[in-house]
Amino acid sequence: MAEEEGGSLIHVAIKAEKLFSIGPFEVTNSMVGAVLASLLLLAAAWYVTRRAQTVPGRLQSLIEMPVEYIAGITAASTSRWRGYVALVVGLFLMILVANWLGLLPGVGTIGLKGEHEGELVPFVRPAAADLNFTLALAFVTFVVFVWWAIRIHGPIGYLKELVGEPRYMAPLMFPIHLISEVSRLVSLSMRLFGNVFAGEVLLATMLALTTAVIFVLPLAFFVPAVFLGLELIFGAVQALVFALLTMTYITMAIAEHEGGGHESDEEHPAPSPA
Amino acid sequence: MFEAFGVDLPKLFFQVVNFLLLLYLLNRFLFKRVFALLDERQRTISKGLEDAEVAARDRELARAEREAAVSEARKEANEMIARANKVAEDTRNEILTDARAEAEKVSARARDEIVAEKDKAMAELRAQVADLALFAAGKLVRREMDDPTQRRLVEEFLAEVQPTRPAKSSRS
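Residue numbers (the numbering used here), protein chains in the order written: chain A, 1 to 274; chain B, 1001 to 1172.
Hints are not guaranteed to be accurate.
Which chain A residues face chain B? A few, computed with CB under 7 Å, are given here [said to hold, decoys possible]:
| no. | residue |
| --- | --- |
| 1 | 25 |
| 2 | 31 |
| 3 | 34 |
| 4 | 133 |
These stretches of chain B come out as covered by chain A in the derived footprint (C-beta under 8 Å, 3 or more residues) [claimed, not checked]:
| no. | stretch |
| --- | --- |
| 5 | 1014 to 1023 |
| 6 | 1029 to 1040 |
Simulated coverage check for chain A against chain B, where a stretch passes if three residues somewhere in it have a Cβ under 8 Å from a Cβ of chain B [as the list claims (entries may be wrong)]:
| no. | stretch |
| --- | --- |
| 7 | 12 to 19 |
| 8 | 64 to 77 |
| 9 | 137 to 145 |
Derived by calculation from the structure, the hints in this document are not laboratory data.
Quick reminder that beta carbons are idealized off the backbone N, C-alpha and C, glycines included.
For reference, chain B alone in the conformation it holds in the complex (with noise of 0.2 Å):
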C-alpha cells in the first residue's frame, strides 16, 4: 500500500530528520523566547490589573472613609448645637426661676416690712389713744385717772375695738 504512495524508508527518515531538526531549533530560538516574553507580558497584565484593583479599593476606602469623616462631623456638629440649645434653655429657665424667686422674696420681705411697720404704728397709736382717752376721762370726771386698774379697763376696751377696725379701714 505505502509503496503506491511512495514511501520509502530514505525519504521518511529525512523528513523525521528534518522535522525534528527544525523543532530542535524553533524551541531552542522561537519557542522559549516567545513563551518567556508571553509569560512576562502575561504577568505585566496581571499585575496592572492587580494594581489597578489595589487603587480601585483605596479609592474606595477613602471615599468612605472621607463620607464617615463628613457624616461624623456633621453628627457631631448637630450634637453640639443641640447642646448648646439645651444649655442654653436651661440658663433661661434658671434664670427665669431665680429672678421669680428673688422677685417672690423681695416682695414678701416688703410685705413684711410693712406689716410690721403698721403693727409698729397701730401699737403707737393705741397706746397714744389709751393715754387720751385716759387724759379725757379724767377730764371728765376731774380726777386722775392713772390708776393702773383703770388703765387696764382702758386697755380692754381698746382691744375689743381694734379688731373691728383694720376690716372697717381696709374698705374705705
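Just chain A, same shape as in the assembly (with noise of 0.2 Å):
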C-alpha cells in the first residue's frame, strides 16, 4: 500500500484522516470537507433566497435548475412527492456539491505534515470519500423509506410486507426481506464511497504518473485534466444515483403492493404533511 512506502506521490488514505481533537471528538478533514460543501450550498441558499425574482437571473437559474430539475422527476413518482421531494433534493445537492468540492485544485493537496511517518494530511477531503459520509445519508434514507412504509402501512402493515404473501414461507423470506432492506443501506453507501474513493486514487495515480515523466512529455499535462473532467461527469451520477436510488426506494415503500394493502390507507390514514 501507498501508505507504507512513506514519502510516494500516490497517497490516499482509506480512512478520513484526523486533523485535530476537540477532547475526546475527532475532527477529520472529510469533516471539513462535508461543512464546506454544507456552508456553499447554504450561501448559494442565502443568495437565491436574498435575490429571488419569478424571472430569473444567469446565476439563480443555475441554483435553481438542479432543484428545478431534481423535484420535477420526484413529482412524477407518487402523489406524495412533496413529503420528501426535499430530501431527495438535498441529497442530490449535498453529494454533487461535495464531490465536485473535491476536484477544487488544493483540496486534497494541501495540508499538514502528519505525525506519522510525514504523510500529508490534506486539510479538506472529499466528503463522499468517507464511509462516514455516505453512511450517514445513506442511513438517514433508510429511516425516511422505512418510516414512510410503516406511515403507509402501518407497524403491522410493514411487517407483512416483510413476512412476504404465502403467509408459510415466512421463516424463509422474512430474514431475505429484513437483508435486502438493510443491504439497502449497504449498497446506497458502498457505491457512493467506492465511486469517489476511486476517483480520488485515480486523480492521485495520474497525477503521480504524469508529474514523474512531466518533463520528458510536457503535453502529459493534460492527462490529469481529462481524468478532472471525467471525474466531474462522475460525481454529478453519483449524486444522480443515490438520489433517484432513495427516490425510488420511498417510492416503493409507499407504492409497493397498494392493491392487496387490505385497505391500510384507511387504517392509518397519513396526516398530510406540512
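Fit the two chains together into the complex; they arrive one by one in their own frames, and the hints show the way.
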C-alpha cells in the first residue's frame, strides 16, 4: 500500500484523517469537506432567497436548475412527493457539491505533514470519500423510507410486507426481506464511497504519473485534466444515482402492494405533510 | 469491516447531524422559496398558454363569424337580385299581356264599329234602293207602286240579291 512507502507520490488514505481533536471528538478532513459543501450550499441558498425573482437571472437559474430538475423527476413518482422531495433534492445537491468540491485544486493537496511518517494530511477531503459521510446519508434515507412504509402501511402492514405473501414461507422470506432492506443501506453508502474514493485514487495516480514524466513529455500535463473532466461527470452521476435511488426506495415503500394493501390507507390515514 | 473504513459512531453522528441541519436550512430557506417560485412560474406559463389558447379560439370564432356574415350577405344580395330580376320579368310580361289584350280589344271594337257602320249603311242603302226601284218601276208603269204588297215584293228581291253582293264587292 502507498502508505507503507512513506514518501511516495501516490497517497490516498482509505480512512478520513484526523486533523485535530476537540476533547474526545476527532475532527477529520472529510468533516471539513462536508461542512464546506454545506456552507457553499447555504451561501447559494442565501443568495437565491435574497434576490429571487420570478424571472430568474443567470446565477439564480444555475442554482435553481438542479433543484427544478430533481423536483420535476420526484414530482412524477407518487402523489405524496411533496413529503420527500426536499430530501431527494437535498441529497442530490449535497453529494454533487461535495464531489465537485473534491475536484478543486488544493483539496487533497494542501495539508499538514502528519504525525506519522511525514504523510501529508490534507485539510479538506471530499466528503463522500469517507464512509462515515455516505453511511450517514444512506442511514437518513433508510430511516426515511422505512418511516414512509410504516406511515403508509402501518407497523403491522410493514411487518406483513417483510413476511411476504404465502405466510408459511415466512421463515425463509422474512430474513431475505430484512437483508434486502438493510442491503440498501450498504449498497447506497458503499456505491457512493467506492466511486468517489476510486476517483480520488485515480486522480492521485494520474497526477503522480504525469508529474513523474512531465519533463520528458510536457503534454502529459493534460492527462489529469481529462480525468478531472471525467470525475466531474462521475460526481454528478453519483449524486443523481443516490438521489434517484432514494426516491425509488421511498416510492416503493409508499406504493408497494398498493392493490393488496388491505385498505391500510384507510386504517392508517397519513396526515398530510406540513 | 467498518473499522477498516474508519467508521465510528461520533463521526457518523456528526455527518448525520450535519446533513440533517443542512437539509433543514435548505428546506427552510431555499426549497420552499424555489418550489413556490416554480409553482408561480408554472402558473404564469400555464395561464399564458391558456390565454393564448382563448385568444386563438376567439380569433377563430371571429373569423368564422365574419365569413358567415359575408357569405350570408352575399347570399342575400344574390337572392335580392334574383327576386328583382323575377319581378322585372313578371312586370314586363304583365305589361306586354295587358298591352296585347288592350290592342286586341281596341281593334275588336274598331272592327265591330266598322261592321255596325257598314250594316247601317247597307240598311240605308237598301231602303233607298227599294224606294228608287219602286219609284223607277212606277215611272215605267206610270202608276203609283206604293202598295205595301209591291213594296214587299221588291224588298224580297233585294234580300235575295244581297248575299251575293258583299262577296262580289270584297273581291273587287
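Results for each hint:
Evaluation of the residue 25 of chain A hint against chain B yields a held restraint, the C-beta minimum of about 6 Å falling below 7 Å. Proximity of residue 31 of chain A to chain B holds as hinted, the smallest CB-CB distance being about 6 Å (cut-off 7 Å). Given the 7 Å rule on beta carbons, the hint for residue 34 of chain A holds: about 5 Å separates it from the nearest Cβ of chain B. A cut of 7 Å between beta carbons decides the hint on residue 133 of chain A: the least distance to chain B is about 5 Å, and the hint holds.
Interface restraint, the stretch 1014 to 1023 of chain B with chain A: holds (9 residues with C-beta to C-beta distance below 8 Å; minimum three). Check result for the stretch 1029 to 1040 of chain B against chain A: holds, 9 residues qualifying (beta carbon to beta carbon below 8 Å, three or more required). A count of 3 residues in the stretch 12 to 19 of chain A with a Cβ less than 8 Å from any Cβ of chain B is obtained; the coverage claim is therefore met, three being the minimum. By the rule of at least three residues with a Cβ nearer than 8 Å to a Cβ of chain B, the coverage given for the stretch 64 to 77 of chain A holds, with 4 such residues.
Evaluation of the coverage hint for the stretch 137 to 145 of chain A: fulfilled, as 3 residues show C-beta separations to chain B shorter than 8 Å, against a requirement of three.
Violated hints: none; the structure is consistent with every hint.
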